[in-house]
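Based on the sequences and whatever the hints tell you, model everything.
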Amino acid sequence: MLCLLGYTFVYATGRADRPIRSDGFSYYVYLPSWFLFHDTTLSAVARDCCGGVYPAYTAIIRWPTTRRWVNAHPIGVAIMQAPLFVPAHVLTRWTNLSPDGFTLYYQHAVGLSGLLWIVAGLAVLGRSLRRHFSDGITAATLATMLLGTNLYHYATFDSSYSHPYSFFLLAAFLELTERWYDQPRTDVSTLLGIVSGLIVLARHTNVLFLLFFPLYNITSLSSLRARLALFTRQRRVLSVMAIVTAIVVSPQLAIYYQATGRIFVSSYGDLGFNFASPRVVQVLFGVQKGLFFWSPVLLVSCAGLLWLARSRQSARAFVVPALVVLVVDTYIIASWWDWQFGASFGHRGFVDTLPIFAIGMAGCFAALTTHRQLQQWVAVLVVLAVALNVFQMLQYWNHVLPFSDTTWDQYRGLFLRWR
Amino acid sequence: MARLRIVAGCALTVALVAVLLYLRDPSWLLTTTSGMRGWEEDAGRRFRWMGGHSSLFVPSEARLIEIPVRTTFDEPGDWPITVSISIDDRPGDQLVLADADWHAIVLRMPPPGSRRVRRIDIRLDRTRDDNRGAAIGEIAIR
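Residue numbers (numbering that gives the first Met the number 0), protein chains in the order written: chain A, 0 to 418; chain B, 0 to 141.
Check the hints yourself; a few may be wrong.
[As the list claims (entries may be wrong)] A short, non-exhaustive set of chain A residues, derived as facing chain B with CB atoms under 10 Å:
1) A55
2) W93
3) L103
[Stated by the list, open to error] Pulled a few chain A residues facing chain B out of the computed Cβ check, cut under 7 Å:
4) P54
5) T94
6) S97
7) D99
It should be emphasised that the hints constitute simulated quantities derived from the structure, not laboratory data. Computed from a predicted model, the values in this text were never measured in an experiment. We put the beta carbon where it would ideally sit given N, CA and C, even for glycine.
And the structure:
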């Protein structure tokens with residue numbers, strides 16, 4: 000309900016432009032192309048929306064050798080938007096709006112789809128957290144993650160981006176991973192295969208999230224050996240998972256092949272990674288988009304992960320994969336040519352990994368239950384961090400804070416100012 | 000409990016049908032457009048830029064509508080742009096913009112149907128840089 004209120008507020012007051020914009024356009028464009036224009040090459044939508052040529056902001060480029068359109072953004076988000084696209088199309092016909100894929104109902108189907116997947120992600124994450132922590136800690140963690148980070152912003156203002164989908168998918172992947180180790184059944188393996196495929200299809204670099212599965216509950220060399228033995232015993236259900244993943248990913252490979260003649264392509268064209276000079280410090284602490292600068296409450300999550308690593312808490316099973324995924328993900332984000340990820344509130348690259356941070360946060364809250372004095376101090380700091388985040392989000396919505404390239408002087412001048 | 004469920008189901012169905020009936024012909028369609036940017040003004044004339052496809056609604060009792068339209072020829076290689084109009088998905092008229100002057104597309108409207116409004120779709124065969132295709136002026140309805 001809170002997300003729906005925020006969503007209604009940003010669009011009813013004109014704070015946000017129509018939902019299908021910027022990256023949201025290229026994530027979604029497959030749906031009108033496939034279902035309204037019956038075209039897998041994206042050419043028909045280009046003709047209809049844009050006189051035959053996609054504008055540069057869409058990141059849909061002509062492949063140099065084939066002259067066909069290649070979309071920098073893969074098909075996963077569009078697949079997950081399909082459930083709301085269908086009623087939007089039926090309503091569009093009913094009201095006699097233009098059925099081109101970009102009129103009113105399509106716009107809000109896309110906007111609300113992102114919102115719903117974040118709500119679904121929070122529900123799944125809550126289920127996972129309750130297995131290890133009390134109801135109170137789970138509720139406090141979910142509320143802090145939603146309002147203390149940029150998650151709420153990506154459920155409302157920028158819900159057409161890929162991050163709400165990746166947030167849900169990682170939350171689902173963590174939940175299913177635990178269920179698989181509890182009971183390695185074929186149905187759980189199939190679901191893991193579907194979610195794994197969609198993780199890759201929503202954002203290719205998120206393939207690293209799949210490391211969570213083999214690394215779950217690895218705490219020593221002997222547990223690593225036991226894990227290899229388990230995988231050998233369970234090779235049949237593991238192959239089910241791998242086959243399902245391959246089936247889910249295969250349409251994307253077919254699209255790349257159709258467009259370029261190759262199944263593996265760098266869909267961003269010349270744009271790429273600077274692995275030799277990652278901007279790690281800026282990505283984590285910088286004024287422009289630093290993760291902890293804009294979402295300081297996530298420092299509590301890091302403290303929680305470290306506490307979990309030394310504790311006997313059952314959620315300790317998540318620590319090794321969480322640290323590996325967070326370190327590698329940070330390196331990948333920091334190596335991207337545009338390490339700020341363009342216009343965004345906070346660093347949007349980390350929205351996808353917020354389920355991991357949630358485990359750490361719940362761990363920290365659990366640790367504090369035995370330290371009454373410290374608990375009060377941390378509670379005050381968390382409330383202040385949440386309040387600051389909400390205020391800064393409203394500043395961003397009101398165009399007080401710059402969309403990118405914020406400098407320290409700008410930040411200081413605008414701190415806690417409404418205009 | 001079962002009776003409560005039946006009542007809730009009936010109420011939901013009635014609400015859904017009411018919403019659908021309302022959405023078949025809502026009055027706000029007259030102010031709804033798609034594919035157009037914000038209003039601009041030049042030399043006393045108001046207009047909006049469109050990309051490859053835009054749509055708008057006019058009252059169904061309109062007999063004649065006049066759509067002012069122009070494009071730019073800023074670059075030496077700029078090709079003429081063909082503007083195609085359709086009324087409720089039926090082909091209406093075509094116009095080739097071969098210079099930078101304002102032109103008027105005059106559409107004789109078919110007799111009113113069962114709805115209060117008619118949808119006019121404007122399509123262009125090409126656009127200029129930044130997906131600017133044609134400027135659409137204020138539409139005159141007679």
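Here's how the hints hold up against the structure:
Taking 10 Å as the C-beta contact cut-off toward chain B, the hint placing A55 (chain A) at the interface holds, the least distance being around 8 Å. With a cut of 10 Å, the hint placing W93 (chain A) at the interface with chain B holds, because the nearest CB-to-CB distance is about 6 Å. Interface restraint check for L103 (chain A): the shortest CB-CB distance to chain B comes to about 7 Å, inside 10 Å, so the restraint holds. Using the Cβ-Cβ criterion of 7 Å, the hint placing P54 (chain A) at the interface with chain B is satisfied: the shortest such distance is roughly 4 Å.
Nearest Cβ of chain B to the Cβ of T94 (chain A): about 5 Å, under the 7 Å cut. The hint holds. Interface restraint check for S97 (chain A): the shortest CB-CB distance to chain B comes to about 4 Å, inside 7 Å, so the restraint holds. Checking D99 (chain A) against chain B: minimum C-beta separation of about 6 Å stays under 7 Å; hint holds.
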